[in-house]
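A.B. asks: So the chains spell out like this:
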Amino acid sequence: MEKKKNKLFLITLLFAFQIYGQVDSLLIDHFVDGYLKREHLFYLNKLKKEYPKNDTVVFELAKFHLYYDNFNSFEKILNNSKSDTLNNLFFNDTCFVNYASFQIIKNGQANSINWFNRSSSYNLPQHTKQIQKSFLLVENPSLTDASFLPSQLQSYYADFYKYNKRKPIVAGLLSAIVPGLGKRYNGRKHTFLPSLLLNSINGFLAYESIHRYGIKNPYSIITTGMFSVFYLSNIYGSYYDLKNVQIEKRNSFLYEVSDYYSTSCLYK
Amino acid sequence: MRYLIIIALVVCINNLSAQTSLERDLFELETQIYSANSDSAVNSLLIKKVETYLLYKEFSYDLVRDSRRINLLEITDSLTKCNLLWNLAVAYNIMEDYNYATYYYEEYYKLTKDESINTKLLAIMIYGPTDSLYFNDYYASLTSRNSAKFSCLKCLTEIDDIKLDHQKRYINASRILPGLGTMLLKDYFNGAGSLFFNAASVTAVYALAKNQLYFGAAIWSFMLVKRFYSGNIILTKQTFKDKEAEKRSNFAEECSNKITPIFNEFPIEFRLNSGY
Numbered sequence: 001m002e003k004k005k006n007k008l009f010l011i012t013l014l015f016a017f018q019i020y021g022q023v024d025s026l027l028i029d030h031f032v033d034g035y036l037k038r039e040h041l042f043y044l045n046k047l048k049k050e051y052p053k054n055d056t057v058v059f060e061l062a063k064f065h066l067y068y069d070n071f072n073s074f075e076k077i078l079n080n081s082k083s084d085t086l087n088n089l090f091f092n093d094t095c096f097v098n099y100a101s102f103q104i105i106k107n108g109q110a111n112s113i114n115w116f117n118r119s120s121s122y123n124l125p126q127h128t129k130q131i132q133k134s135f136l137l138v139e140n141p142s143l144t145d146a147s148f149l150p151s152q153l154q155s156y157y158a159d160f161y162k163y164n165k166r167k168p169i170v171a172g173l174l175s176a177i178v179p180g181l182g183k184r185y186n187g188r189k190h191t192f193l194p195s196l197l198l199n200s201i202n203g204f205l206a207y208e209s210i211h212r213y214g215i216k217n218p219y220s221i222i223t224t225g226m227f228s229v230f231y232l233s234n235i236y237g238s239y240y241d242l243k244n245v246q247i248e249k250r251n252s253f254l255y256e257v258s259d260y261y262s263t264s265c266l267y268k
Numbered sequence: 001m002r003y004l005i006i007i008a009l010v011v012c013i014n015n016l017s018a019q020t021s022l023e024r025d026l027f028e029l030e031t032q033i034y035s036a037n038s039d040s041a042v043n044s045l046l047i048k049k050v051e052t053y054l055l056y057k058e059f060s061y062d063l064v065r066d067s068r069r070i071n072l073l074e075i076t077d078s079l080t081k082c083n084l085l086w087n088l089a090v091a092y093n094i095m096e097d098y099n100y101a102t103y104y105y106e107e108y109y110k111l112t113k114d115e116s117i118n119t120k121l122l123a124i125m126i127y128g129p130t131d132s133l134y135f136n137d138y139y140a141s142l143t144s145r146n147s148a149k150f151s152c153l154k155c156l157t158e159i160d161d162i163k164l165d166h167q168k169r170y171i172n173a174s175r176i177l178p179g180l181g182t183m184l185l186k187d188y189f190n191g192a193g194s195l196f197f198n199a200a201s202v203t204a205v206y207a208l209a210k211n212q213l214y215f216g217a218a219i220w221s222f223m224l225v226k227r228f229y230s231g232n233i234i235l236t237k238q239t240f241k242d243k244e245a246e247k248r249s250n251f252a253e254e255c256s257n258k259i260t261p262i263f264n265e266f267p268i269e270f271r272l273n274s275g276y
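Chains Y and H supply the protein sequences, listed in that same order. One point on numbering: in my numbering, the residue at position 191 of the first sequence is 191, and numbering is uninterrupted. One point on numbering: in my numbering, the residue at position 56 of the second sequence is 56, and numbering is uninterrupted.
The following block holds chain Y by itself, in its conformation from the complex:
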């Protein structure tokens, strides 16, 4: 009975070693050192074919795609792999977590939310914690205190915060009162004058033709139509432009955060 138990234990041990011993990390380091992307991918795909359910192989594939900036494939692996073993591999590798975090916040809101939700039950490294806090800060600027940000990032956050407070409806109204003023409110100082000038010229053209020939004259109809189109699109443009400005400032801040906390230690 005892002998049987020992045999079983040995077989289990052998099996476990076989699974975890598949990935030759020194060979992977060799590929990374020489930037041998093709060979590296072939090796990982070969392992994946041989051991489709091996989490270590999936983890190495995720690392590969992250390293070679193939973010869509990395994201696909991340979304398809929900096992605890894989999560442990992801979140217990400090370099991987830091590297993935600073890449993820540059690649869209949904990815970041998904990533930080998954990581919530793990003890995250310090850099990732800071990145996560910065991400939460832009998600809820009024709820979080920004004092934890280093001085280099404060100005970018201040810029984001300033524009995030502004209301698109105000930009639209300002442009209705003085064409181009809404753009100035959105921070686009250089577009104010051209916008004002273009609308004034169109207004004057319409005024001149109506004044001389009346509103029913075809030329008056054309010039009035042109003026209306320019005037309304200026209001519409100012309204939507502020939304774009807010997204730009948000992304710009997150890029700065990403650069500040970036690390190159994915493999070594």
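Hints in this document: simulated from the structure, not taken from any laboratory. Warning: the hint list may mix true and false statements.
Stated by the list, open to error - A few chain Y residues facing chain H, derived, Cβ under 8 Å:
| hint | residue |
| --- | --- |
| 1 | LEU27 |
| 2 | HIS30 |
| 3 | LEU36 |
| 4 | ARG38 |
| 5 | GLU39 |
| 6 | PHE116 |
| 7 | ILE201 |
| 8 | LEU205 |
| 9 | GLU208 |
| 10 | SER209 |
| 11 | ARG212 |
| 12 | TYR236 |
| 13 | TYR239 |
| 14 | TYR240 |
Heads up, the beta-carbon is just placed ideally off N, CA and C, and yes, glycines get one too.
Starting from the known structure of chain Y, arrange chain H on it as the hints suggest.
C.D. replies: Just chain H now, with coordinates in the frame of chain Y:
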């Protein structure tokens, strides 16, 4: 007996499915490089790897990277070295990296003093786009052997000199009558369009001024007439450039037709010696 046939069949199918793909070959060579225990072994495996790229006609950054990993001083066999230098000169010439092609070609020539026609043709291909002095030397050397056969190679350096004359004349014609220069360059449709839009914009501005809409006339003349007029000149310049490119492309095609028989007779081929 039946089992033997089945086993043979399985082995056959296995061999078929194991048709060497480039990726697999590169991976296998790289794993051998990784486990090689001497620099000379690494070097010969790298040569094999470079030849694999050439065999698959894969002229990419990977070939460049792996070729630069080879230590030329480590190669002891002179035939292997000669073939490698030749192959790299041809490959870099295909990739249009003429500096490296020149370097490998010169190394090859230093080592072999090869005066064959194929070698001179390779030199002509490499120096053609970069160094007219060397090109002329090789050209003279080839024509001295057989001027009737090789004189057509001269066209390789003449492609860049193909130009269309009198650009200013066409532009001035368009300045005097919008669209005329474009029409003289035989682009009648765009020339007529240019003439029509310019005439229409001038007529519209004239009509506005005649009806005492002075502000409108000023604005439209500034916005339309100026744009159509300057656009007409830009169009003429662009048409001239297109015609010049067309002339050059026709010349290049003619040149290619002339020199193809020479390259068929003296082909520039890779010299693979890794047992492929």
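A.B. asks: Does the structure break any of the earlier hints, and which numbers would those be?
C.D. replies: 6, 12, 13, 14
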